[in-house]
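Visitor: Following the hints, complete the assembly by docking chain A onto the known chain B.
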Amino acid sequence: MKSIINYFKEIFSGLKSLVKGMSVTGHYITHPKEIITQQYPENKATLKMFERFRGEVVLLHDENNEHKCTGCSACEVACPNGTIEIIPKRIEIDGRKVKAIDQFVYHLQMCTMCGLCIPACPTDAIVMANTFEHAVFDRSKLTKILNKPGSKIMDGIK
Amino acid sequence: MEEIIHDQELESKEYFINMGPQHPSTHGVLRLVLSLDGEIIRKVEPHLGYIHRSIEKMCEHDSYQQIVHLTDRMDYLSCHINNEAVCLAVEQALELEVPDRVKVIRTIIDELTRLSSHQLWWGVMGMDLGAITSFLYGFRDREMITDIFEETCGARLTMNYNIPGGLFFDIHPNFQKRTKDFIAYFKKKLPEYDTLLSNNVIFKQRMDGIGKLSKEDAISFGVTGPTGRASGFSCDVRKHHPYMAYDRVEFKEILDTKGDCFARYKCRIAEMWESMHIIEQLIDNIPEGDYKVPTKAVIKLPKGEWYQKVETARGEFGVYIISEGQRSPYRLKFRSPGFSNLSALDHMARGCKIADLVAIMSTLDLVIPDIDR
Numbered sequence: 001m002k003s004i005i006n007y008f009k010e011i012f013s014g015l016k017s018l019v020k021g022m023s024v025t026g027h028y029i030t031h032p033k034e035i036i037t038q039q040y041p042e043n044k045a046t047l048k049m050f051e052r053f054r055g056e057v058v059l060l061h062d063e064n065n066e067h068k069c070t071g072c073s074a075c076e077v078a079c080p081n082g083t084i085e086i087i088p089k090r091i092e093i094d095g096r097k098v099k100a101i102d103q104f105v106y107h108l109q110m111c112t113m114c115g116l117c118i119p120a121c122p123t124d125a126i127v128m129a130n131t132f133e134h135a136v137f138d139r140s141k142l143t144k145i146l147n148k149p150g151s152k153i154m155d156g157i158k
Numbered sequence: 001m002e003e004i005i006h007d008q009e010l011e012s013k014e015y016f017i018n019m020g021p022q023h024p025s026t027h028g029v030l031r032l033v034l035s036l037d038g039e040i041i042r043k044v045e046p047h048l049g050y051i052h053r054s055i056e057k058m059c060e061h062d063s064y065q066q067i068v069h070l071t072d073r074m075d076y077l078s079c080h081i082n083n084e085a086v087c088l089a090v091e092q093a094l095e096l097e098v099p100d101r102v103k104v105i106r107t108i109i110d111e112l113t114r115l116s117s118h119q120l121w122w123g124v125m126g127m128d129l130g131a132i133t134s135f136l137y138g139f140r141d142r143e144m145i146t147d148i149f150e151e152t153c154g155a156r157l158t159m160n161y162n163i164p165g166g167l168f169f170d171i172h173p174n175f176q177k178r179t180k181d182f183i184a185y186f187k188k189k190l191p192e193y194d195t196l197l198s199n200n201v202i203f204k205q206r207m208d209g210i211g212k213l214s215k216e217d218a219i220s221f222g223v224t225g226p227t228g229r230a231s232g233f234s235c236d237v238r239k240h241h242p243y244m245a246y247d248r249v250e251f252k253e254i255l256d257t258k259g260d261c262f263a264r265y266k267c268r269i270a271e272m273w274e275s276m277h278i279i280e281q282l283i284d285n286i287p288e289g290d291y292k293v294p295t296k297a298v299i300k301l302p303k304g305e306w307y308q309k310v311e312t313a314r315g316e317f318g319v320y321i322i323s324e325g326q327r328s329p330y331r332l333k334f335r336s337p338g339f340s341n342l343s344a345l346d347h348m349a350r351g352c353k354i355a356d357l358v359a360i361m362s363t364l365d366l367v368i369p370d371i372d373r
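Residue numbers (our numbering), protein chains in the order written: chain B, 1 to 158; chain A, 1 to 373.
Worth flagging that the hints you see were computed from the coordinates, not collected in a lab.
Pulled from the structure, derived: some chain A residues nowhere near chain B, Cβ distances all over 10 Å:
(1) His23
(2) Leu34
(3) Glu60
(4) Asp208
(5) Pro302
(6) Lys309
(7) Arg331
(8) Ser343
Here are some, though not all, of the chain B residues that point toward chain A, as calculated from beta-carbon distances under 8 Å:
(9) Gly14
(10) Ser17
(11) Leu18
(12) Lys20
(13) Val24
(14) Thr25
(15) Ile36
(16) Phe50
(17) Arg54
(18) Pro80
(19) Thr112
(20) Met113
(21) Cys114
(22) Gly115
A quick note: this is a predicted structure, and the numbers were derived from the prediction, not measured.
The beta carbon of each residue, even a glycine, is placed where N, CA and C say it ideally should be.
One chain only, chain B, in its complex shape (with noise of 0.2 Å):
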């Protein structure tokens, strides 16, 4: 007698913990404004993302079409995993021969987003920008260069 009691009462408090568990599903159901989803793509044009968000690495250029970078290599030497690969040149200012860039290579596909480029660039010509979308059809898309053309250095950097 003892044991079917202990049957139905078995079913019963299971039954009650299912209904219990409902309960807080249901109350999402019948309070939508407690739904926190983000329709993306949709919300593009409102979407913003953090300032620190760590997306590619870019080259600033002034208004001037100028940027900072002397080509020193510190990023290079300071990146994980051969991203970034800059190919110097000899320019000459001043009557002086000096070091500059000819091409700021950087391999996207190769990037961990890590940031210690970041600190390394003694004139902080490269920053971390806030893109993320890089999906693209080819791989060769996704080695940058990242000086634009026509491009040169700052008056002023060394």
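Guide: Below, chain A alone, put in the same frame as chain B:
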């Protein structure tokens, strides 16, 4: 006709089956070779190597600053704690004393990492047992922590916020407010976890008494973390060998004696409360000061050997550095908690059903890149 049936051997034989490497409930590329008798497991043999990236070898030609970001890729759910272990080992070798501010910030972010890891574990474990709802609930709450990380550290998962000697940047001005908001929010939401899963009759029957691990076995297999503590093995590194600011906060080491799946489950839920308790004690008392000690651009450790262990969300994580005085270590060995915890799986799963193996594995909280490295 009857004779033919009687002639055939109807006895069951032991047979083998592969679980993984592509199986949704192995949480990655883990291959388990199961030896089965009907549905009952006789032996479990984990086969590793599917996500081996030779991180330890890569460390041998990276500088000490570069090694830190590789540890993100091991146990990615407690990456901040892994980063910290390497930084602590290097600081120990350089005899560098980090400022109080760094200690407190590191501890807070450690505990946030532990919380987010346990939230993900809770969600994924529910999904392993067939409850998709819990997955969504776990990720909903985890989102707030990843937002805190994104704002302060600059990434959601592989944060790389620690450097030898301190932190990458100072905390974001919003950090304290966001963390307090999260604690207030999660204190209301954590009881929801209990109502949804912990008291559910189906869930309890799949967890209670399954996958028992005794204290002696836990010690002999080297099982640490919540898995070991659920068996009664007092192994919390934060308590026994305090590092950073853990010596100045008050918290309980969660211990259980049953050692089954439900005990491990309860241990982790209780740890979430403890983590929130630790953060509450520290968040208002972040001392002023520098966020890093300046180090040389090229760090060269003196000749010698150093070991540093920390408590990750899964157990004891250790870093063993042998230096020959160069800019990169001669040898670097990681002691990852997942590897030791996995070694006890065979012992726990013998005699269980296949469905129980899924429950045991999810309460072990395995992260496969941590096991393979």
